[in-house]
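Asker: Now for the letters of each chain:
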Amino acid sequence: MSSPRLTALDALHRALGATMTDFAGWDMPLRYGSEREEHLAVRTKAGLFDLSHMGEITVSGPQAGEMLDHALVGFVSALGVLRARYTMICREDGGILDDLIVYRLAESEFMVVANASNAQLVLDELTARAAGFDAEVRDDRDAYALIAVQGPEANGILGSLTDADLAGLKYYAILPATVAGKDVLLARTGYTGEDGFEIFSAPAVAEHLWQALTEAGADRGLVPCGLSCRDTLRLEAGMPLYGHELSTDLTPFDAGLGRVVRFDKTTNDGAFVGRKALEAAAANAETNPPRVLVGLVSEGKRVPRAEYAVVSADGTPIGRITSGAPSPTLGKPIAIAYVDAAHAAPGTAVAVDVRGKHEPVEVVALPFYKRAR
Amino acid sequence: MSNPQHLQYSEDHEWLTAAEDGVSTIGITAHAANALGDIVYVQLPEVGDTVTAGETCGELESTKSVSDLFSPASGEVVEVNSDVVDDPAKVNAEPFDGAWLFKVKLSEEPAGLMSADEYTKLTNG
Chain A
0 MSSPRLTALD ALHRALGATM TDFAGWDMPL RYGSEREEHL AVRTKAGLFD
50 LSHMGEITVS GPQAGEMLDH ALVGFVSALG VLRARYTMIC REDGGILDDL
100 IVYRLAESEF MVVANASNAQ LVLDELTARA AGFDAEVRDD RDAYALIAVQ
150 GPEANGILGS LTDADLAGLK YYAILPATVA GKDVLLARTG YTGEDGFEIF
200 SAPAVAEHLW QALTEAGADR GLVPCGLSCR DTLRLEAGMP LYGHELSTDL
250 TPFDAGLGRV VRFDKTTNDG AFVGRKALEA AAANAETNPP RVLVGLVSEG
300 KRVPRAEYAV VSADGTPIGR ITSGAPSPTL GKPIAIAYVD AAHAAPGTAV
350 AVDVRGKHEP VEVVALPFYK RAR
Chain B
0 MSNPQHLQYS EDHEWLTAAE DGVSTIGITA HAANALGDIV YVQLPEVGDT
50 VTAGETCGEL ESTKSVSDLF SPASGEVVEV NSDVVDDPAK VNAEPFDGAW
100 LFKVKLSEEP AGLMSADEYT KLTNG
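Line by line, the protein sequences give chains A and B.
Using numbering that gives the first Met the number 0, you'd call the opening residue of the first sequence number 0 and step up by one each time.
Using numbering that gives the first Met the number 0, you'd call the opening residue of the second sequence number 0 and step up by one each time.
Note that these hints are calculated values from the structure, not bench results.
A portion of the hints provided could be inaccurate.
[Unchecked claim] The calculated lysine-lysine pairs, modelled on DSSO-like cross-linking and capped at a C-alpha distance of 27 Å, are:
| hint | chain 1 | residue 1 | chain 2 | residue 2 |
| --- | --- | --- | --- | --- |
| 1 | A | K44 | B | K89 |
| 2 | B | K89 | B | K104 |
| 3 | A | K331 | A | K369 |
| 4 | A | K44 | A | K169 |
| 5 | A | K369 | B | K63 |
| 6 | B | K63 | B | K89 |
| 7 | A | K331 | B | K63 |
| 8 | B | K89 | B | K120 |
| 9 | A | K356 | B | K89 |
| 10 | A | K44 | A | K331 |
| 11 | B | K89 | A | K300 |
| 12 | A | K369 | A | K169 |
| 13 | A | K44 | A | K181 |
| 14 | A | K369 | A | K44 |
| 15 | B | K102 | B | K89 |
| 16 | A | K44 | B | K63 |
| 17 | A | K356 | B | K63 |
| 18 | A | K300 | A | K356 |
| 19 | A | K356 | A | K331 |
| 20 | A | K181 | A | K169 |
| 21 | A | K331 | B | K89 |
| 22 | A | K300 | A | K369 |
| 23 | A | K300 | B | K63 |
| 24 | B | K102 | A | K300 |
| 25 | A | K331 | A | K300 |
The structure displayed is predicted, hence computed values, not measured ones.
Using the sequences plus the hints, can you model the full thing?
Answerer: Here it is as structure tokens:
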């Protein structure tokens, strides 16, 4: 095991007294103080995250859009310039290799952002799948630091540091901008269920940006936030996490995310990697639904955690938990689980096997939390 | 948070008071509470239970993990702190005083425990 990679903000995290954790080979802040307070700050004020472990891959060239239409399940070439889309890369058998956000930076330039744990794999796959296309795949993982500012105060905090038209920057859009005097790519995306921004910059200016945001946010309740609260924030927002809700054993249809698969693509005669298997998976999901991804809420105190079995009222195993945590917003334990379709209706009473004891839980529709707009 | 001098410490990160009338009070250290993160669930032994030094007698759950609670001494549980069961966050806030966990009538002299200085050295190392 080689030593973990450090982000450009590593010295700042240590100065702030962060508890660090190894995440996909990176030494990342897990929390600075109480993860519950960090979580609540993002829901009510704002939080500042170092997400520099995310994997940026640039795809450019005359056929960049067609290449991504072939390589991914989305209809990437139909994306407007400076817009973004949530999509996935699948194997030929339909299994999910990673979930991604693709930003169209220019007519013939796209930035693909992969999970840190899958970034090398995605880079290798995109490179292989680019064969025959007039498109270049470039590893830009070291070219960018990534800072996110998330929460209801994010707009005001960022607005004090930039002349960019934030009101015009829609959800899932991106804009080259100047923030605190530095050139960045400013995206209105996030993984928290709140309004917020993700700021891609050169690593050399990341500390300057972090400090400027910290100062601008000081009287607006902005706090530094670690990966621990990022996980509970995305869980409450019902957003999947690769390795938990998504894996190579599952297709997007199994995960309830069949909408990301665009069979209506017109490029490459509609062909793309995984199409045949995904058509079968789509048909199967219609006629013979696999296990369904649902939310579970507990009235108890014990936390249903990943890999715990879900059982029916009579104790029969009916599913498996993929993520679980105490929800700071709801004040009770929540979980996401795959359960048999017969038990997936909201309101169904089931139980979770918490280390041998069956804790009653109720099936609910996802997400657990939706911000008021 | 420094480790109070008047307590003894176990390798499992519990603390123990000197016995009064044969009864010691037990809790977890600030170091342990901090390592766990926000504690959300505490399961304690019951009054009347026999606990054995070095063996598990309860559970602590934080946002991220589940950890066994070990007893640093052997004996009979004579009192438990229901405040921390009702409000587990208390363990993070005041691990060395208000968030004591349980009291044990010792059946034998505790052994293999550390002084505050030794424990501080262990956890800083």
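Asker: Output the indices of the hints that this structure fails to meet, ascending.
Answerer: none
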